[in-house]
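These protein sequences, in sequence, are chains A and B. If you want my numbering, it's the position in the first sequence, counting the first as 1, plus 16. If you want my numbering, it's the position in the second sequence, counting the first as 1, plus 5.
The hints are simulated quantities; they were obtained by calculation from the structure and are not laboratory data. Incorrect hints may have been included.
[As the list claims (entries may be wrong)] Think about it this way: if two alpha-carbon atoms lie no more than 30 Å apart in a straight line, the pair counts; the simulated DSSO-like pairs of lysine-lysine are: (1) Lys94/A to Lys47/B; (2) Lys78/A to Lys94/A; (3) Lys68/B to Lys47/B; (4) Lys27/A to Lys78/A; (5) Lys64/B to Lys47/B; (6) Lys47/B to Lys27/A; (7) Lys84/B to Lys64/B; (8) Lys78/A to Lys47/B; (9) Lys47/B to Lys84/B.
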Amino acid sequence: DARVTQTPRHKVTEMGQEVTMRCQPILGHNTVFWYRQTMMQGLELLAYFRNRAPLDDSGMPKDRFSAEMPDATLATLKIQPSEPRDSAVYFCASGLVLPRSYNEQFFGPGTRLTVL
Amino acid sequence: EDQVTQSPEALRLQEGESSSLNCSYTVSGLRGLFWYRQDPGKGPEFLFTLYSAGEEKEKERLKATLTKKESFLHITAPKPEDSATYLCAVQDATSGSRLTFGEGTQLTVNP
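Put together the whole structure using the sequences plus the hints.
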């Protein structure tokens, strides 16, 4: 049963600390997305990669957030330094995007981040 | 800028009481409209993709329809296990793979 996995599932940290979230996309998918979900803003796209190359990171605060794909099986989202307003659930999703196709995105279980 | 508005925000039904959820959208060119189901503490689960006005898709008690301005998710004879938040998202033909999500409709089905 192919699915997106994320670690950790929960993270509590103090303001100013570095936070790293990890995602393993579904094998064979070429596009990986990072979303953030809050009660106030709903589900927002932070960034996404195609074939490990960043395509769009316009939703991501550049000064403290960074996203990378060291290899095809691992995507990371890092926050340094973290702030209380970063508290949210962070979802990774993956999909297979082909020319002239319509691409569904499949979501992981999320990382619930609390910054104190 | 793409916009997605879902209504109602919350809906409470009795088991067996059919109803519809609405998703109104504004995009420069619709590439696809997506419906997801999200259970508490879990990630969104993909349900349907609709590509063009007039298209319909069904899955068990759910049927999604699409017009040029909105989509409906019809729930026929719902059961308590259908309780969840239903999210609608659009993909604009000019924005790559970006999805813009609505705020969701929280559905509760009472036995």
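To see whether the hints hold, each was checked on the structure:
Between Lys94/A and Lys47/B, the direct Cα distance comes to roughly 21 Å. Compliance with the 30 Å bound is thereby established for this hinted pair. The hinted pair formed by Lys78/A and Lys94/A meets the criterion: a straight-line CA distance of about 11 Å does not exceed 30 Å. Proposed proximity of Lys68/B and Lys47/B is supported: the alpha carbons are some 23 Å apart, at most 30 Å. The suggested pairing of Lys27/A with Lys78/A holds, with an alpha-carbon distance near 21 Å, which does not exceed 30 Å.
A threshold of 30 Å between alpha carbons decides the hint, and for Lys64/B with Lys47/B the separation of about 20 Å falls inside it, so the pair holds. Note on Lys47/B and Lys27/A: the hinted pairing holds, with a Cα-Cα distance of about 16 Å set against a maximum of 30 Å. A C-alpha spacing of about 14 Å is found between Lys84/B and Lys64/B, which places the hinted pair at or below 30 Å, so the restraint holds. Straight-line distance between C-alpha atoms of Lys78/A and Lys47/B comes to about 27 Å, which keeps the hinted pair within the 30 Å bound.
Only pairs whose Cα atoms come within 30 Å are accepted, and Lys47/B paired with Lys84/B is accepted, the gap being roughly 20 Å.
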